[in-house]
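J.: Whenever a hint applies, use it, and build me the whole structure from the sequences.
Take the sequence shown: its letters are residues 3 to 116, numbered as in my numbering.
It is possible that part of the hints are untrue.
[Claimed, not checked] Using C-beta positions, here's what the derived DEER-type ranges look like:
1. V65 / L15: 17 to 27 Å
2. D67 / A108: 32 to 42 Å
3. R42 / L93: 15 to 25 Å
4. R42 / E77: 28 to 38 Å
5. A106 / V20: 18 to 28 Å
6. G27 / V65: 17 to 27 Å
7. D67 / A109: 36 to 46 Å
By construction, these hints were calculated from the structure, which means they are not laboratory data. All C-beta atoms in this analysis are idealised placements derived from N, C-alpha and C, irrespective of residue type, glycine included.
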Amino acid sequence: MNFPLHAPNLNALGFALVGGRLVAGNEKPGALFMYENADRQRISLFVRKDGEPSRETAFRYAVEDGVGVFYWIDEDCGYALSGRLDRGQLLAIARVVYGQLAAAEAAETTAPKR
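T.: This is how it looks when you write it as structure tokens:
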């Protein structure tokens with residue numbers, strides 16, 4: 003996918019990573035990570051590199067057919083976290099995902115190059 007990508011660790015929130023794959027998109031490829039909790043509830047995180055960097059990172063929320071999604075663009079990557087959870091639960095997870103991805107990106111930009 004042209005950039006390093008790390009699957010967020012959501013174990014502390016009760017969600018274990020059950021799989022991930024590269025997926026074809028209409029315009030660009032993306033990565034899809036799937037998580038499941040002990041109640042067999044699933045959430046998915048979709049990540050795709052966008053062309054235009056965004057200066058504002060803001061969570062947006064939508065729901066359709068009982069599936070909620072928080073989505074955001076951070077610099078030149080788009081993210082969407084979805085699942086059949088209430089808005090508050092999904093927002094808490096989205097914040098953790100955002101924090102972990104930002105920390106991983108910061109660590110990579112400050113790591114010495116070999």
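J.: Hint by hint, say whether it matches the structure.
T.: Each hint tested on the structure:
1. V65 / L15: 17 to 27 Å: holds, 20 Å
2. D67 / A108: 32 to 42 Å: holds, 37 Å
3. R42 / L93: 15 to 25 Å: holds, 21 Å
4. R42 / E77: 28 to 38 Å: At 34 Å between Cβs, range holds.
5. A106 / V20: 18 to 28 Å: holds, 20 Å
6. G27 / V65: 17 to 27 Å: holds, 22 Å
7. D67 / A109: 36 to 46 Å: Hint holds: Cβ distance 38 Å, inside 36 to 46 Å.
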